[in-house]
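Assemble the complex: chain L is given as a structure, and chain B must be docked to it using the hints.
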Amino acid sequence: MIEVEIISGRTLDQGATVEEKLTDEYFKAVNYCELSEEDFNALNLSEGDRVRVKTDFGEVVVYAVKNKDLKKGMAFIPMGPYANMVIDPNTDGTGMPQFKGIKGVVEKTEDKVLTVKELIEVI
Amino acid sequence: MAEEVNIICTFCGSVCDDVQFDLEKFKGKKFCKLGSSKFSKKERIKAPMIDGKEVSYEEAIEKAAEILVNAKRPLLYGWASTVNEAIRLGVLLTEKVRGVYDQCASVCHAPGTLALIEEGVPGGSLGEIKNRADMVVFWGSNPMEAHPRHPVRYSVRAKGLLIKDRKDRKVVVVDVRKTKSANMADLFIQIKPGYDYPVLSALRAIIKGEEDAVPEEVGGVKKEQLKELAEMMKSAKYGAVLYGLGVTQSRGRDRNVENAIKLIQLLNRYTRWIIWPMRGHYNVVGAGEVPAWEAGYTYAIDFSRGYPRFSPGEFSANEILQRGDCDAALIIASDPAAHFPKVSVKHLKKIPVIQIDPFPNMTTLLSDVVIPSAVAGLEAEGTAYRMDGIPFRVKKIVDTEYWSDEKILELMLEKVNELQR
Chain L
0 MIEVEIISGR TLDQGATVEE KLTDEYFKAV NYCELSEEDF NALNLSEGDR
50 VRVKTDFGEV VVYAVKNKDL KKGMAFIPMG PYANMVIDPN TDGTGMPQFK
100 GIKGVVEKTE DKVLTVKELI EVI
Chain B
0 MAEEVNIICT FCGSVCDDVQ FDLEKFKGKK FCKLGSSKFS KKERIKAPMI
50 DGKEVSYEEA IEKAAEILVN AKRPLLYGWA STVNEAIRLG VLLTEKVRGV
100 YDQCASVCHA PGTLALIEEG VPGGSLGEIK NRADMVVFWG SNPMEAHPRH
150 PVRYSVRAKG LLIKDRKDRK VVVVDVRKTK SANMADLFIQ IKPGYDYPVL
200 SALRAIIKGE EDAVPEEVGG VKKEQLKELA EMMKSAKYGA VLYGLGVTQS
250 RGRDRNVENA IKLIQLLNRY TRWIIWPMRG HYNVVGAGEV PAWEAGYTYA
300 IDFSRGYPRF SPGEFSANEI LQRGDCDAAL IIASDPAAHF PKVSVKHLKK
350 IPVIQIDPFP NMTTLLSDVV IPSAVAGLEA EGTAYRMDGI PFRVKKIVDT
400 EYWSDEKILE LMLEKVNELQ R
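Chains L and B are the protein sequences, given in the same order.
Each residue of the first sequence is one higher than the one before, counting from 0 in numbering that gives the first Met the number 0.
Each residue of the second sequence is one higher than the one before, counting from 0 in numbering that gives the first Met the number 0.
Just chain L, same shape as in the assembly (with noise of 0.2 Å):
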């Protein structure tokens, strides 16, 4: 297990099929989780791995992959129902919750990645 700092924001992918949400293609833009080499390899993981991601606020199961310029203790989760799961929904007064820099921890499972519909089953 590994603690990061969660960070979660577009990607170009993200964005291409944020209109199809219940695609596979969305489904594959959204759910995965970006760490540092350092961190990935110290989580003995291989690309397809999957890892579950937790913070105060909630958990989820996303694929694990590794991104070379990430520095260490930092994870990204593209912008999206994934990530939402684990952010921090304060607004401290402002309306807007934490979606970026939550504390979490990051450990290797083989529970599987819930699917969109799956997802909005569960909460």
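Quick caveat, the hints were computed from the structure, so don't treat them as lab data.
What you are looking at is a predicted structure, and each value in this text was computed from that prediction instead of being measured.
Among the hints, a few may not be true.
Calculated pairs, DSS-like style, for lysine-lysine (alpha carbon to alpha carbon, straight line, at most 27 Å) [said to hold, decoys possible]:
| id | chain 1 | residue 1 | chain 2 | residue 2 |
| --- | --- | --- | --- | --- |
| 1 | B | K191 | L | K116 |
| 2 | B | K221 | L | K67 |
| 3 | L | K65 | B | K345 |
| 4 | L | K27 | B | K221 |
| 5 | B | K345 | L | K111 |
Relative to the frame of chain L, chain B by itself:
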């Protein structure tokens, strides 16, 4: 017969007005990846539905009006991907049913609005940036993925009146991670997540001549690098800070933007600088401007007392949903089930939800009444504000059976009036 027409893209806040569409091939030209996918054939909501059963537009709209009239405090949310004419009706409808009007900026650039209320905004248009800006700082924004043609048309490679070449313009990216946009920058400054505020404060101190007050490292950035950036900013002739959600969605939120505006105010004592948000949806500006000219506020507006009140800590969609403070919702041109934190979605699942949208999305899965609509800019016309507030008339170039958002809301308002009589 020529089948290619000039159109205006209705995906992101850049609202590109130089793109073409081939009606025969149903394919766009000159679009970025985001625009190409917007203007392509994809799955649509087939017909209006009540509880999953196909009905007529009239039946669905009547049911929606009933839900809104019978609710004590409905939330009417979305509005960023539709035209001003529809938004105008939406604000009237919200007032009529004494509901709460909120829009996508509430989870996007609204903290910038709070900062603007405090500080004002030294702003400028995209045209000015293209023609004049010899320095552009992308702060917590990633145009290569969120506004792919913005750099080419306005902010990086754009050729303008005074800026003839990429070499005439310095480009800086400040971000917590090395994004695709960082690769096009002359200088990339990587800060620790949640440290925008102190980094901005440090820059202000250095520019003001009080660098002794700045420690050797601030938010993961070496003082030397901050001094380099401060010097670059001070010696620019016309600079622009273009900020994104990296600033508004992380620790500090509105205070980050406020501090950035203070930096710009300070820089304006030495040279010319502007600051502007990189707005996301093509008409998210309209979703704020239209209620502002109708009710005086841009988002989080409560009409439950019969007159508008603004308070983001109380009336923003996420606050209302998390408190369980609305008993019905109308969601238009947006997908909160995919883009809100799960505790907010939890309440949305418990209440009657009406959806108006061209495409099936996660909100469709929890909606009781689903009303498909025409795609503005393709199947329906109207006015949209580009990210810098410049209005554009978006076109209807394809005939459709789908009703426009405007037509749907017009009838819904009529039905609400009948039910309230």
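Contradicted hints - numbers only: Checked against the structure, the hints that fail are numbers 1, 3, 4, while the rest are satisfied.
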